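A.B. asks: Which chain is which? The protein sequence lines are R and X, in order.
563 is the number of the first residue of the first sequence in this note's numbering; add one for each residue after it.
17 is the number of the first residue of the second sequence in this note's numbering; add one for each residue after it.
Accuracy of the hints is not assured; some may be wrong.
Stated by the list, open to error - Partial list, derived from the structure: chain R residues whose beta carbon lies under 7 angstroms from chain X:
id : residue
1  : N629
2  : I648
3  : A650
4  : T654
5  : P663
6  : D775
7  : G836
8  : T840
9  : Q844
10 : L845
11 : A847
To be verified - So these bits of chain X aren't anywhere near chain R, every CB distance computed over 12 angstroms:
id : residue
12 : L65
13 : L155
14 : K263
15 : R291
Keep in mind that the hints were calculated from the coordinates and are not lab data.
All of these numbers come straight from a predicted model, not from anything done at the bench.
Even for Gly, the Cβ is constructed at its ideal location relative to N, Cα and C.
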Amino acid sequence: MAIVVDNDTRLVVQGLTGSEGRFHGLRNRAYGTNLVAGVTPGKGGQDVDGVPVFDTVADAVDKAGANTSLIFVPARFAGDAMYEAIDAGIETVICITEHVPVHDMLGIYTYFRPKGVTMVGPNCPGVLSPGKANVGIIPAEIFSEGVVGLVSRSGTLTYQIGHELTQLGLGNSTIVGIGGDPIVGSSFIDILEKFEADPETELIVLVGEIGGDEEEKAAQYIGEHMTTPVLAYIAGFSAPPGKAMGHAGAIISGSSGTAVAKKEALEAKGIEVGATPTEVAQLVAKRLK
Amino acid sequence: MDLYEYQGKELFKRVGIPVSEGRRADSPQDARAAAQELGGQLVVKAQVLTGGRGKAGGVKLAEGADDVEQKAKDILGLDINGHVVRRLWIERASDIEREYYLSITLDRGAKKPLFMFTTQGGVEIEQIAEERPEALVRLHVDPSEGFQPWVARRLIYGGGVTDPSEQKQITSIVEKLYRAFVEFDAVLCEINPLIVTPDGTVKALDSKFTVDDNALFRHPDVAEMRDTAAADPIEAFAREKGVTYVKLDGSVGIIGNGAGLAMSTVDVVAHVGGRPANFCDLGGGGSAEGVVDALEVITRDPQVKSIFFNIFGGITRGDEVARGILEALDRLDMSKYPIVVRLDGTNAEEGRRLLAEAGNPNIHPEATMLDGARRAVELAA
């Protein structure tokens, strides 16, 4: 078992003929992901290294049996691409694209939630289930198979923590980068719920950062609904208020969204928060012994 | 992107929200000309992207060209919470009978726009929310439903507005504010105060307007409103170079790749007892050119004593970062900066080899993030 992506994933890459889409799509295939199609309007009938390209996502679903979409199209077209995937019946939509306007996400979020679609991103590194499937830009070689679930708002920080875990001989069930934007398809809670239901995941590391209150909500949820142990790391203790720290969503507004508030909310529910990525990995190792 | 009051009012005007007539002035002479054009009793208002300008003496009543020019002289150059006043807005003074508050923001928790309205306006909304929460009407809008008149009714009846003419005017303003919020891709549109004049006219006396940076491609006219001179000069330079940079107040310059890792690096430097000088995210790509640009940006800060590169390559390649560092050492005067470099991930070995071969005594390789942070802090002391 794993969550979001696995051996049943049949992947279509929206934007497969672009340089990023091609590079990462083929890299995902080389990892063992079942890449069944690409979509680029106007390029239907072509192929990318043997992968058939269709004009529409509906064609990729009908003719190639795609059930998961990876979106690499530029920000101004990403909203359209997400709607197209949802309406074509794709079950899992993962959007890597950065700088998607927040009003676009407002509409998409309201639209897809009642449909039961799983959406991850935008502005995320994707999802990797080691040994099964890699959908996105996570460098899979850093991670190994194992029992630790990892969910994070950041890409490279996730690699750092994964690397620290690997060095201690620990592997992962699934790594989910939920994205750094103010509105993303899956919250911490959505992913925690999936990890809780996954028998392979024995412990979860939640990697949060300043801005919003998703970490606080996750703390509440963990306290009320979860039996799988959770450890956490929060980035942004030194961040000044009112400044977006790289991610559009990583901003302290007034006095809300601070790292201290998040740490306290998590600790109030008995969730340990590591001071550095190294310490988090050590806490995981200690717990799993 | 935050807009000045007068810019927000310009957008209000475009959607039909009533505002007072006024003129922008960047000098006492401009102010004098504005006074002559507008005539009558006027308000000279500092244009700054921060609150509290009234208390700081940034808003003054004036009448006649001489008086307006003098008040403009008084206000220009004033330091309001670290923001120096360089622009003024001169507008017709309004008689105020009552002050209300109306705003729409993006509630990221609920993932919906949120209206807030109270008839207890004129003070900070946080204060009302804390002291008299029952006086504040909060109402989410379902984005798929959009604005419906009932939304305005809930706000005005909930807020206790009883005068029929006021009800009608506020309903119209609520609808137009929603339109401004959607049309201009705003994340905040605030009218505080929304005033009622003695003759019963409702209008926006102030504006706070924030537009989503990611949507500026749809609004080239709004994008042009950015006052590049108002930002911290190093941050403005970073924007020009396309470098993601936030100035902090310490001595250890920090460059990471990816927002989360860069933020975490800042924290770890502080955790081991150092004072971070900045946050700087090379981004996903991290080309050699990008590295040179980032170094050029962070070394503009005279407080920087050492530099810490913390790179975990995914898409970013370690060899490319190493090339960038070496190129920067060639092109920029970097002799006074010890540079601690921690490289891991994609092509890190190649990067470490390139740096070792260069044999520059200013480059200090470290194997882990924690050791790198400690070393950079030592070298900044």
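A.B. asks: Now tell me, hint by hint, if it's right for this structure.
C.D. replies: Structure-based check of all given hints:
1. N629: 25 angstroms, violated
2. I648: Violated, because the Cβ-Cβ distance from I648 (chain R) to chain X comes to roughly 14 angstroms (cut-off 7 angstroms).
3. A650: It is violated, given that the least Cβ distance between A650 (chain R) and chain X is near 20 angstroms, above 7 angstroms.
4. T654: 20 angstroms, violated
5. P663: This hint holds: P663 (chain R) lies near chain X, its Cβ roughly 4 angstroms from the closest one there, short of 7 angstroms.
6. D775: At 5 angstroms from the nearest chain X Cβ, D775 (chain R) passes the 7 angstroms test, so the hint holds.
7. G836: The hint is violated - G836 (chain R) has no Cβ within 7 angstroms of chain X, the shortest such distance being about 11 angstroms.
8. T840: The hint holds - T840 (chain R) has a Cβ within 7 angstroms of chain X, the shortest such distance being about 5 angstroms.
9. Q844: This interface hint is violated because 11 angstroms lies over the 7 angstroms limit.
10. L845: For L845 (chain R), the interface hint is violated, since the closest Cβ of chain X sits about 15 angstroms away, which is over 7 angstroms.
11. A847: 16 angstroms, violated
12. L65: 10 angstroms, violated
13. L155: Holds: least Cβ distance 16 angstroms, greater than 12 angstroms.
14. K263: 9 angstroms, violated
15. R291: 9 angstroms, violated
Violated hints for the displayed structure, listed by number in ascending order: 1, 2, 3, 4, 7, 9, 10, 11, 12, 14, 15.
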